[in-house]
Structures are given as structure tokens and as C-alpha cells.
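We have chain A already, so just place chain B on it with the hints.
Just so you know, the sequences run in chain order A and B.
Under our numbering, think of the first position of the first sequence as 1, with each following residue one higher.
Under our numbering, think of the first position of the second sequence as 1, with each following residue one higher.
Do not take every clue at face value.
Capping the alpha-carbon separation at 30 Å, the derived lysine-lysine pairs in BS3-like fashion look like this [stated by the list, open to error]:
| hint | chain 1 | residue 1 | chain 2 | residue 2 |
| --- | --- | --- | --- | --- |
| 1 | A | Lys45 | B | Lys45 |
| 2 | A | Lys45 | A | Lys58 |
| 3 | B | Lys58 | B | Lys45 |
| 4 | B | Lys58 | A | Lys45 |
| 5 | B | Lys45 | A | Lys58 |
Pairwise CB distance ranges (calculated) [said to hold, decoys possible]:
| hint | chain 1 | residue 1 | chain 2 | residue 2 | range |
| --- | --- | --- | --- | --- | --- |
| 6 | B | His137 | A | Gly152 | 19 to 25 Å |
| 7 | A | Ala78 | B | Glu164 | 48 to 54 Å |
| 8 | A | Arg160 | B | Gly35 | 47 to 53 Å |
Because the hints were derived from the structure by calculation, they are not lab data.
Virtual Cβ for every residue (Gly too), placed ideally from N, Cα, C.
Spelled out from the first residue to the last, the chains are:
Number of protein chains: 2
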Amino acid sequence: MSIFARRKSPPAFDFLPSHFLRLALAEARDAFDEGEVPVGAVVVKEGRVLGRDHNRTKALSDPTAHAELLAITAAAQAIENGRLDGCVLYSTLEPCPMCAGAMVLARIEAVYYAAPDHRYGACGTLFDIPRDPRLAHRVEVYQLAEYAAEAGELMERFFRERRETT
Amino acid sequence: MSIFARRKSPPAFDFLPSHFLRLALAEARDAFDEGEVPVGAVVVKEGRVLGRDHNRTKALSDPTAHAELLAITAAAQAIENGRLDGCVLYSTLEPCPMCAGAMVLARIEAVYYAAPDHRYGACGTLFDIPRDPRLAHRVEVYQLAEYAAEAGELMERFFRERRETT
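Here chain A stands alone, though its shape is the one from the complex (with noise of 0.2 Å):
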């Protein structure tokens, strides 16, 4: 049973997630213009932004440095509680497993994601991490499919501009 049939409405807390999805596309664009992979999440908490970031692979030499992980850990510490309960995850690419695997230590309750990634996504493309029954906690995942598109082409344009330049 899909967990879009197990419960009537999107949870409670998270109330405008075209709004916070939006912040996390402006987070991708950041990164188009600092010439990373154009990525971008957020972090919320009852309507409040506890974390937001964007792709730093190249800017901080590290490979671990994806939107996703950068926003956790921000807001984390904005709150000195590694347990992230009650947050919702908002990114503009369908997070990969280490991504996922990073909102299940953290406890976030809900993910919603722009773009399906059909190379590393983990959200139920590939794997479906956030809401395998074996792990000590589940993370709802939720597709604002009007945004794939933006999200998408602009994935596309980095890539097709970086072929073109190297």
C-alpha cells in the first residue's frame, strides 16, 4: 500500500510546500551561477526555515557536500538537536542514498522532491530508502511534479553547457 493511500492529506505541519519549494529552486540557481551541480534544499519546521543549501562539491572539495546533507546538518545545529523530528525536507532533485539515508538518522518526516533522478535517486526510482519497513524510522516522500520540469532543465542546461566548455 502506497503511502499516498494510507492517508488522506499531505501531514499538517507542512502547509505551503510550492512556497518552500520554490526557495529550494532558488537555492539550485545559486548553485547554476557558482558552477555547481544546481541542486538546492530546504529544511523547514511548522513553516519555519531551520536549514537551506545548495550543491558545494566543487567549492569545499568534498563529495559529501550535497544540498540535501549541507541543509540537515544546518538545521541540526540551528537547533542543537541531531533529531530533526517534525521537519519536512524540500529538494529540487529526488535525493540519492546518502541523502536518504541522511534524513532517516535525522528523523525528518516528510520529503518532497521536484526532479526524479534516474541515476542515483533513492526515493523510490532506484532504492526507496525513506520508507524501507527494516529501518528504525520512515520518512513520507511526496513528488510536486509541477516543478520537475524547472528543476529538470536546469540539471540539463549545467550539464549540456559543462560538455560544451571542457
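Coordinates of chain B only, in the frame set by chain A:
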């Protein structure tokens, strides 16, 4: 066909797995002394330690501050390169989905771990992310079973003492 069947011997570039796993165990004991979950990790290239660390989720208020992730970040920053080609990761515990995903992103060549993790293990126990053929990179997986008891007992002692004091 398992990775063990495909090759006659471990990769030539890691010549002292026991030595480096003992370094990881020393990191795990440091974690224990600091009240952190006792897991340690070391990243090695051609016999040289590029990064080593232990779990610091509590001290950093960061659920992503696992030993393996911190050691990967340290190694990448040491060589100022997000691609850890030819690097071997040693960990006292089987990496979780987050850390196994980070190993793939970082292009780690092989991982040696001591104790299996029945709650989060993503290198063969619950998931097998390092060897998934759908991902762009594969990481070889070896278990150094002779250190499993020591690494596992440190974990058990930690959680037993934590239960008794809370």
C-alpha cells in the same frame, strides 16, 4: 557471483588491512571515551592515511557526522579533490545507507569493515549499495571478521552503559 569469486586477492594498493583497521578501532575507542557511538573510520591511499575520524554526532549536533562520512570529507579536502580514486575505507562497523552512498559518490575503491550492522548495514546486510550495478561506480566490499568481536563488543558496551545511566 560474489566479489570474492571474481578476483584472486584483495587489491594490491591496500597492503596492511589489519594495520588500518586497528587505526579505525583506536578512533572508535576515542569516540567511546567522548560519549559518542563508538565507530571509527580511516581513508587510505597507497598506504598513506588521508583522513581518519570517529562518530561525532553528539558533539557536532549533526546526525550526518558518522565516522565514515567525516573521514571521506577529510580525505577529499586533504587532496583537494572530491574523487577519491584508488582510496580504501576502513571502518569498525558496516557502513549505513548514508555512508555507503557517500563511498560511491566519492569513488572509493574498496571498503573493509569489522562488525556487520543488522540495523542499518548497507554493504550486504540490509542493502548492498556499494555493489549495485545500476550506480555509476562500484566499491569492493571485504569484511575483516577477525575484528568483528572487538568492534561489536565496544558498541554493545556503549549501549548497555547508556541504558543503565538513563
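Consistency of the hints with the structure:
Restraint check for A/Lys45 and B/Lys45: not satisfied, since their Cα atoms lie roughly 41 Å apart, outside the 30 Å limit. Restraint check for A/Lys45 and A/Lys58: satisfied, since their Cα atoms lie roughly 29 Å apart, inside the 30 Å limit. A hinted pair counts as satisfied when its Cα atoms are at most 30 Å apart, and B/Lys58 with B/Lys45 qualifies at roughly 29 Å. Proposed proximity of B/Lys58 and A/Lys45 is supported: the alpha carbons are some 21 Å apart, at most 30 Å.
Taking the CA atoms of B/Lys45 and A/Lys58, the gap is about 21 Å. The hint holds against a cut of 30 Å. Checked against the hint of 19 to 25 Å, the C-beta distance between B/His137 and A/Gly152 comes to roughly 23 Å, which is consistent with it. Range check, A/Ala78 to B/Glu164: Cβ separation about 32 Å, and the 48 to 54 Å hint is violated. In this structure the supplied range 47 to 53 Å holds for A/Arg160 paired with B/Gly35, their Cβ-Cβ distance being about 49 Å.
Of the numbered hints stated above, those contradicted by the structure are hints 1, 7, listed in ascending order.
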